[in-house]
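Colleague: Please work from the sequences and hints to get the whole structure.
Protein chains in written order, with the numbering used here: chain A, 24 to 292; chain B, 227 to 507.
Rather than coming from a laboratory, the hints here were simulated on the basis of the structure.
This list has only true hints and no planted wrong ones.
If we take Cβ atoms under 7 Å as the criterion, some of the chain A residues that face chain B in the derived model are:
| no. | residue |
| --- | --- |
| 1 | Leu96 |
| 2 | Ser128 |
| 3 | Trp132 |
| 4 | Val145 |
| 5 | Tyr172 |
Have a look at the derived ranges for each label pair, beta carbon to beta carbon:
| no. | chain 1 | residue 1 | chain 2 | residue 2 | range |
| --- | --- | --- | --- | --- | --- |
| 6 | B | Arg408 | A | Thr275 | 40 to 48 Å |
| 7 | B | Arg500 | A | Gly178 | 17 to 25 Å |
| 8 | A | Ala271 | B | Ala246 | 33 to 41 Å |
| 9 | B | Arg408 | A | Ser82 | 18 to 26 Å |
| 10 | B | Ser401 | A | Thr275 | 38 to 46 Å |
| 11 | B | Ala251 | A | Thr55 | 53 to 61 Å |
| 12 | A | Gly178 | B | Ile341 | 34 to 42 Å |
| 13 | A | Ala269 | B | Phe347 | 52 to 60 Å |
| 14 | B | Lys340 | A | Phe53 | 19 to 27 Å |
Just so it is clear, CB atoms sit at the ideal spot from N, CA and C, and this is done for glycine as well.
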Amino acid sequence: MSNQIALDRAEEASGAAAPAVELSDMSVRFVTERGVVSALEHIDLSIPRGAFLSLLGPSGCGKSTLLRVVSDLLAPTSGEVRIMGGTAREARARRDIGFVFQDASLLAWRNVLDNVRLPLEVGGGGKRGAREPRELLALVGLAGWEKAYPHELSGGMRQRVAIARALVNDPKLLLMDEPFGALDEITRDRLNEELLRVWEETGATILFVTHSVYEAAFLGQEVLLLAARPGRVRDSVRVPLPSPRALAMRETTEFVALAARLRALLETC
Amino acid sequence: MSTEALPRTQGPEALANDAALAKFAATRSREAWRRRLLPLGAFLLLLALWELSVDVFHIRPFIAPAPTAVAARLFDHAGLMLANLAPTAAEAIIGFVIGNAAAVVLATVFVHQKIAEEAFFPIAVMVHTIPVVALAPIFVLLLGNGLAAKAAIAAFICFFPTLVNLTRGLRAVSSQQMELMRILSASPAEIFFKLRLRSALPYLFSALKIAAVTSVIGAIVGEWIGATTGIGALIIQATYNFDSALLYASIVVGSLFSACFFGVISALERYFLRWGVAQSA
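Modeller: See the structure below:
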């Protein structure tokens with residue numbers, strides 16, 4: 024136990040200087056029937072540890088592609104990707120990366136608890152320091168639903184299960200690909216607030232892809248705007264809102280002005 | 227056979243009015259009984275009409291026997307029926323197991339080796355287009371006039387639907403679920419057993435339900451080619467002897483066995499797919 028702590032400390036010390044995510048001159052191109060498509064071009068990006076970064080952009084701007092490069096699902100055509108100072112593959116192998124998809128992607132034949140446990144069962148089991156699934160279910164507000172099956176849950180509840188599943192390995196980096204895109208507004212608002220709470224509780228770095236201006240501004244400390252065809256960084260906007268945030272802040276003049284600015288920028292993407 | 231589930235709220239917080247719940251349960255059970263009794267009533271009505279027409283139009287027994295005559299033959303010859311059902315059942319079950327096992331193995335290979343699918347799938351389709359009645363004599367020539375030939379025919383007839391369904395089922399995994407497994411560094415075996423096979427089970431069971439019925443057809447058709455025992459042999463003998471009541475009784479026994487076999491597979495399906503997701507036959 025104490026050994027493990029010492030190891031963790033050493034790891035923290037060696038990688039403390041390294042940002043959570045560092046992309047330098049990273050490009051992704053796909054070859055299709057209609058020729059070579061440039062999904063992302065010359066991306067330079069550095070995300071400090073513990074940050075909450077919103078990725079905002081029109082469809083086709085490569086937001087999802089960027090998450091797939093960071094999570095080692097896709098190799099960049101050129102450029103460099105560093106996660107916690109190492110390669111994306113190392114980060115994935117260390118179970119430092121959690122991913123939440125747009126579709127909750129739960130396994131229909133497993134109950135809620137077994138879905139959250141899945142990461143502990145495959146790929147050589149959970150790393151030491153994995154979190155207790157029941158505790159995570161309580162964190163996302165699903166205590167008492169352990170034995171329910173996915174078809175018995177609402178869309179919002181399924182997405183909560185997906186978040187708990189992504190957190191079970193206690194990842195340092197949480198990638199979220201429009202996780203609340205298919206939910207109704209009330210559920211989305213509630214989950215936005217809860218996600219901020221989860222972020223504070225876990226201290227993870229979060230990359231949150233969305234096409235909602237309000238969601239991007241409400242959640243992120245910083246909003247990165249991507250432009251489409253080819254996908255590139257259009258602008259980066261710091262969010263001046265204090266923490267912790269509450270939904271009521273969206274009615275403040277500051278927030279409205281910020282949203283208007285983001286919307287105007289989005290139109291030029 | 228869609229089990230018409232009414233929308234219901236679940237979970238600890240959904241504690242509704244007791245009376246409303248009781249009424250809901252009563253409506254549901256009434257509907258369940260109606261679903262069971264209505265087809266039974268219709269069946270009995272058709273039997274009565276048949277019996278009546280044989281009587282009224284003086285149809286000779288060897289043209290079309292009355293249901294009562296068929297029932298009488300069934301009881302008189304119960305021993306003969308069972309003695310002939312045993313080999314047919316054995317052939318059908320052995321064929322079912324072999325044919326489906328081969329299909330499962332080949333579908334697994336197809337999913338992992340695209341090149342194998344590209345090479346062999348067209349051949350499988352072509353072989354499948356050969357009518358099983360035409361193939362039966364070939365199997366008898368190859369494997370002799372015993373159990374092996376009939377089981378082979380049953381296996382052959384089971385094989386193709388399972389191969390096609392299961393191959394499709396094993397591929398019917400969402401791309402996000404595959405990405406999830408890759409992020410978790412899942413091994414190919416883990417992806418197969420924890421994801422592909424489980425999500426293919428509904429496809430597999432709908433194929434197995436077809437196979438349960440067709441394997442019996444395969445065994446009976448096999449028995450038409452010079453067999454001395456089995457439901458198929460009984461059908462041929464009864465036809466040659468103008469013993470229509472026996473012919474009909476044989477058919478009843480054969481289809482009852484098919485229905486039981488189908489029922490067993492359906493029960494297994496309900497057990498393995500009890501996690502929900504509406505299934506339809």
